[in-house]
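Undergrad: Residue numbers (our numbering), protein chains in the order written: chain H, 768 to 1191; chain P, 768 to 1191; chain Y, 768 to 1191; chain E, 768 to 1191.
These are calculated hints, taken from the structure and not from any lab test.
Heads up, some of the hints might be wrong.
It does not matter which identical chain is used: a pair holds within one copy or between any two.
20 Å max Cα-Cα, derived DMTMM-like pairs, lysine to aspartate or glutamate [claimed, not checked]:
(1) K798 with E1072
(2) K1185 with E839
(3) K912 with D809
(4) K955 with E1035
(5) K1122 with E1181
(6) K1009 with E966
(7) K1122 with D911
(8) K1122 with E924
(9) K1009 with E924
(10) K1037 with D801
(11) K912 with D894
(12) K874 with E777
(13) K1037 with E935
(14) K1005 with E771
(15) K955 with E1126
(16) K899 with E1008
(17) K916 with E839
(18) K916 with E1072
(19) K798 with D1147
(20) K806 with D1120
(21) K1185 with D894
(22) K1005 with E1035
(23) K955 with D1120
(24) K955 with E935
(25) K883 with E966
(26) K976 with D894
(27) K787 with D1147
(28) K787 with E777
(29) K912 with E924
(30) K806 with D791
4 protein chains.
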Amino acid sequence: MLLEKYKIEEFNQAGLAEHKRRFDFAASYVKNIDEVLQKLIDFQVAIPSWALGTGGTRFGRFAGGGEPRSLEEKIEDVGLLHQLNRSSGAISLHIPWDIPQNPAAIKALAAQHGLKFDAVNSNTFQDQPDQKLSYKFGSMQHVDKAVRKQAVDHNIEVIRHGIELGSESLTVWLSDGSSFPGQLNFRKAFQNTLESLQEVYAALPDNWKMFVEYKAFEPNFYSMSVGDWGQSYLYASKLGEKAYTLVDLGHHLPNANIEQIVSLLLMEGKLGGFHFNDSKYGDDDLTVGSVKPYQLFLIFNELVEGMDARGMNHATDLGWMIDASHNVKDPLEDLLQSVEAIMIAYTQALLVDRKALAEAQQANDVVRCQEILQTAARTDVRAIVAEARLRSGGALQTLQAFRQLELRKALIGERGLKAVSTGL
Amino acid sequence: MLLEKYKIEEFNQAGLAEHKRRFDFAASYVKNIDEVLQKLIDFQVAIPSWALGTGGTRFGRFAGGGEPRSLEEKIEDVGLLHQLNRSSGAISLHIPWDIPQNPAAIKALAAQHGLKFDAVNSNTFQDQPDQKLSYKFGSMQHVDKAVRKQAVDHNIEVIRHGIELGSESLTVWLSDGSSFPGQLNFRKAFQNTLESLQEVYAALPDNWKMFVEYKAFEPNFYSMSVGDWGQSYLYASKLGEKAYTLVDLGHHLPNANIEQIVSLLLMEGKLGGFHFNDSKYGDDDLTVGSVKPYQLFLIFNELVEGMDARGMNHATDLGWMIDASHNVKDPLEDLLQSVEAIMIAYTQALLVDRKALAEAQQANDVVRCQEILQTAARTDVRAIVAEARLRSGGALQTLQAFRQLELRKALIGERGLKAVSTGL
Amino acid sequence: MLLEKYKIEEFNQAGLAEHKRRFDFAASYVKNIDEVLQKLIDFQVAIPSWALGTGGTRFGRFAGGGEPRSLEEKIEDVGLLHQLNRSSGAISLHIPWDIPQNPAAIKALAAQHGLKFDAVNSNTFQDQPDQKLSYKFGSMQHVDKAVRKQAVDHNIEVIRHGIELGSESLTVWLSDGSSFPGQLNFRKAFQNTLESLQEVYAALPDNWKMFVEYKAFEPNFYSMSVGDWGQSYLYASKLGEKAYTLVDLGHHLPNANIEQIVSLLLMEGKLGGFHFNDSKYGDDDLTVGSVKPYQLFLIFNELVEGMDARGMNHATDLGWMIDASHNVKDPLEDLLQSVEAIMIAYTQALLVDRKALAEAQQANDVVRCQEILQTAARTDVRAIVAEARLRSGGALQTLQAFRQLELRKALIGERGLKAVSTGL
Amino acid sequence: MLLEKYKIEEFNQAGLAEHKRRFDFAASYVKNIDEVLQKLIDFQVAIPSWALGTGGTRFGRFAGGGEPRSLEEKIEDVGLLHQLNRSSGAISLHIPWDIPQNPAAIKALAAQHGLKFDAVNSNTFQDQPDQKLSYKFGSMQHVDKAVRKQAVDHNIEVIRHGIELGSESLTVWLSDGSSFPGQLNFRKAFQNTLESLQEVYAALPDNWKMFVEYKAFEPNFYSMSVGDWGQSYLYASKLGEKAYTLVDLGHHLPNANIEQIVSLLLMEGKLGGFHFNDSKYGDDDLTVGSVKPYQLFLIFNELVEGMDARGMNHATDLGWMIDASHNVKDPLEDLLQSVEAIMIAYTQALLVDRKALAEAQQANDVVRCQEILQTAARTDVRAIVAEARLRSGGALQTLQAFRQLELRKALIGERGLKAVSTGL
């Protein structure tokens, strides 16, 4: 489905005067407003192919309608998002759910929608119908070398698919671990995992990165073999300079200070990228910014500070991706809300008075430090985000446009009410 | 499948001398050993029909083999467990997964295996293929009266099935809640839920109990409409004297003191029953006693103390049930381990010197209080549990018997490697 | 110390034009702006007398300077805060730390500063030098009737002090509980506590309220005898209609949904009041809104909705108090930040489009529900809060005024650098 | 106070027959019983000098009586423990609380009691009366180089004291961190801390170890500058081969898998030692094994496996220490319970059938893996621990001996009821 450009323009036209009033007010307090806008325009968050359908839990799944039935339709969905927000210019594929049968055609289709292929994702946490050996007891950690080899081969195949599409990174999330005390020898599990990762790493093209994602629990409920940032860091540092840690916001123990982890990984040059979502209890995979928006701001505050300190490019030097599950919302609406929350947090982080903050920190003026952060976080930056979208051809309000233009209705018209996408 | 009695006897014969040595030693330290043994013999833990197959998570499920394909085979499985441990003399059905087509025949089959029908369980957390209205946004809490009515009607149907089989209690677990701030009006959700429960309660036979189960999170990740013991207590006290709270060990926030909750609910006469399992992070549904066996002992310590204080019958006045998910273990082996852990904790609780404990508490002798509990918990009571089993015709060691007699192999022979049971 | 009014006026004058620009913009989006402003003007948050000095932890305390050395100076400090923010028009005393020697004079002094006396607080968690029996093993829960009586008598004495000053509520926070399994009989501890509370309740004047505060842990580390809202509710409902639950934001297990608790307690007519603070790990007693401002907003969202549903007066029908510990900040600056955060969250909650929210909830439009809340929470309401302050004679920016007017310096001049206040 | 040897012998004599019966039974199931006993005899747990008095919380402290008033009396207390259990043959000093005025005399006194000096502990989390600069905003992380230098100098002084007494390790626990978002630049705080640690490291004798302890929270409530094992590992690996991570059981986020951390640190050769205690909520500093004894066993299971895999000496290659706070118990009784719990867990870990476990792990026989661990943990090993004590001259039951011999009464007689020791 292609959304005609004029429809967005019409939508914007109706709200333009009000937007201008809000933007002018907001911009009047931002000295480097054009610089900020340019950064927002450049910032792109990849959409995972598995997040375009309704998600579920082990207790059930309540599908919506009009979900993409093929890789092509998934690309179209992301294209639609990107048309609306101009910030979703990349798609992240999951193999084997999204194996491109004709890579050249897929690549062309994506280009048509202005999309790049972000990190490719392997899957060794499920058994596929035709699979020789089972991952019931792990994949890269497995006590059986043959299972490990199967997992390694799969990852290498994923890299191959990625190369064909122009991806430049591989995300490895392992569900490996144990559910009961005694089940694993932790040390051997680590060493097996490391050895497997090394074999995959050896197959990595020179210009690629490997992201080693960690997770505290689920689907294993006693230990995870890449369980926290410390373990991911150990793997990444042993693997080499193309290996990095990937932070998923929902993969921590209760009360973890994620922003500190981000800062330290940046310091060590080992932060690779992000899986954005939100959560209250565990890997709840909720809409970004829906539960703890201030934490999201604090994370972006560290990202901006830490990337600037290393002279990194905000838009390109880390991998930005959403990883959420849309159980009770329309997936596309949910993703629009997530991207909006990310852009707001990023903008607020850009507004932090860094010089004043550094001075207050140096003076141990804790009260002032807090004021400086809160000043940025209490600022209403929605109009600034909207302006960046406007300048890059997107919709002033993405969710409202999606609804007003009845895009889901159109998708259901095309695909039917019973279309169910792959994903969690 | 029926296990011939002589096979258990043969198995026991081989270990009898060693058992006698161990039991005599253990018994020599227990003054009222016969009383303890009788209590152990009387104590029965119901097996849920959905726990006889391999469970899974949202990330996947790795089936085993020889799983029961029908309600009849589920009953046979529980019968097998009961033959081995003589403590699994009841089965708890889940509707609609286990609707008995011919209740009389099912009842007869169960009786043949020495099994009773424990609480029946309703399911309004999934949509069934033929269902008119969806539970996507809740069931008993739903803003739409028609959905609530559907949920109420389903529960009343479950009661009807239960009556036919001789059950005397209904367990209501609601996944109702919200995943995002703002989604629900908490008060109205509570009131809708209460009203729905009241309609079900009105349909409850006089000799029945209704168990209102609470859960802190999952599958809703922001709020649950029966989220903690306080909420369950509110519902139960408003419903009436046939309504009780049901405690599932995995349904709490981190670090909750479950044993205190148990004690207070007993004090209020509102504890109805238990779902046993173990967990480290959330509702992990692990084998009972596999992660926190001392907590299990502490819970039994409160149960024994509190039930005795009210003159309750340990075996019959509360509902005892396992509720676990067997993702990486043979379900029957897992259940044997769970029942064993329960019997051990119960035995140790029976060994607590209550008089000395009361005295130490009265004297604020904290050191001694701890000693008294630890003395019981450090005692090796396995031979006592085994003796109770022996006296009631079970196997000295249940897991070893299951393996030595190659029972899973026999089940696979009958049912095939691809048999997959319903459940989570 | 009295701050001359003209100084605040001078301070405001300098920022008035800029404020007007901001306020006019903000107000243009709020239809009932005058109603909102009036509510903000009416809303008063009590300051606890023990929060005027530097707090500490068991690991140490790093005092600041110029802390109040007497009850009189504490009243002066609160008066100063109130002069600046016009929202701190009450003080909450802690007995025995703040026993008024001359109640009439103290009352007059408070009146001079425009202050009322909020809830009085008893202390049975520490032994006082001249105390006959120790609270080492609890107070109202104690196995020894004499200790319980001492605790009851103390609370009655606190009420007497409160009456003299014009207080109308008693807050009972009990540190009672146990640090080791076995130490307590939970049931008897509950019953002893209840009996003690009943004796205090009997001494409560007719127009008084009793607030029963709960806390999950600390200083007892195994169980607390008023450990969660469910327990507090049990006590309060058994005590009678003058007894209520008091919610302290830091007194919960990890990940608790406090806003739901608030809503349900309001529904039951049993919410009595609040202790505001913020926390990441436990009872961290941090500045309100410094860690989880969105949660604070969500709580106020429930408060506004729930109080309106019952026709309650926002300003007077619940007890509002800060309870924080200022370990690394100037206590007065910290309190100014806390009150500001409360006023912001309250304002945002007032801006929630309740009609639209109710409709979206009724339609299960989860996306829209979230949008409605986020719209309010993303609005910059600081100018509205400032306008309310301006209209009631306070400072446009309280913290800046405090600093610019060099008030701490003046206090140190009066009281010295080594003045150390009582408190935690 | 010196306990005459004959008194212990008399005490033992009375229980000898019963002990022999129990021990013979237990030993009959342990093939390498003598080897196990020798390991138990060799195993020594250091007692921290600050744990000999009653501890407290920020809410209060309820002292007992007869607490040691000087370093000499602290040594006597540890000597007493060691006489009773023969497993407390070391003391760990805290500077400046225990600065030895006459090191030679102190060393001689310790030797007289059979005690060695374990790790020395620095204190930069409190300000001392005569201290030039304050640690209010951190010590080794401090933005002011002069404060960092003061902290470094203090640590070097601690080393000097340690050298005089024969210590061979320094434990550095830093309370450094921040209580509010924005307060710290995490990266600079890390780098300052690292630089400070490097300066201390440079002053470390060749045969010394430096233990870098981590802690998740408290007394800082937003971030800690050595907050988790990953951070400690980073410091230790940058510092050099004499630097190690120290694990305190109470210093983790909720639900952390400590045993896995232990295993991985051992794998990396970076585990230095332990602070034993138990906890339910945070750094509760409860008696070892009083809340989660199975976790303690699982940790020892990893320690034994991991140390054996590296050919390490259980008794000497890691630092073993208790770090607890005795708020409601007699400190010496509490310590006796703690050491007993440690010895029991260690013994059970020694009884794990390692060969069978390795085979079961290799076969993914999760059920059997669990059985093997549970078999060890369900074994009553108290008589084995007692036998080890008996053979090395200690008391069969240490707590009972302490009470029967009325040792606290004797200490009070010597020191008075009001003696209060330094500590937390």
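Undergrad: State whether the alpha carbon distance between K912 and E924 is at most 20 Å within one copy, between copies, both, or neither.
TA: Within one copy only: 18 Å inside a chain, 52 Å across chains, cut-off 20 Å.
Undergrad: Tell me, please, which holds for K955 and D1120 at an alpha-carbon limit of 20 Å: within, between, both or neither?
TA: between (48 Å within a copy, 18 Å between copies)
Undergrad: Which holds for K806 with D791 at a C-alpha limit of 20 Å: within a copy, between copies, both or neither?
TA: The answer is within: 18 Å in one copy meets 20 Å, while 30 Å across copies does not.
Undergrad: What label fits K1122 with D911 when the C-alpha limit is 20 Å: within, between, both, or neither?
TA: Intra 55 Å, inter 18 Å, cutoff 20 Å: inter-copy only.
Undergrad: Up to 20 Å between alpha-carbons, please classify K1005 paired with E771: within, between, both or neither.
TA: neither (50 Å within a copy, 57 Å between copies)
Undergrad: Go through the copies and call it for K916 and E1072: within, between, both or neither, with a Cα cutoff of 20 Å.
TA: Neither: 41 Å inside a copy, 27 Å across copies.
Undergrad: 20 Å Cα cut-off: does K1037 pair with D801 within a copy, between copies, both or neither?
TA: neither (31 Å within a copy, 50 Å between copies)
Undergrad: For K1009 and E924, with the copy left unspecified, which applies at a CA distance of at most 20 Å: within, between, both, or neither?
TA: within (18 Å within a copy, 43 Å between copies)
Undergrad: Between K1185 and D894, at a C-alpha cutoff of 20 Å, which is it: within one copy, between copies, both, or neither?
TA: between (25 Å within a copy, 14 Å between copies)
Undergrad: Using 20 Å as the alpha carbon limit, work out where K798 and E1072 are close: within a copy, between copies, both or neither.
TA: within (18 Å within a copy, 39 Å between copies)
Undergrad: At most 20 Å between alpha carbons: which applies to K955 and E1035, within, between, both or neither?
TA: For K955 and E1035, the Cα distance is within 20 Å only across copies (12 Å; inside one copy 26 Å).
Undergrad: What label fits K1122 with E1181 when the C-alpha limit is 20 Å: within, between, both, or neither?
TA: Classified as neither; 53 Å inside a copy, 35 Å across copies.
Hint compliance for this structure: hints 3, 5, 8, 10, 12, 14, 16, 17, 18, 24, 25, 26 are not met, and every other hint is.
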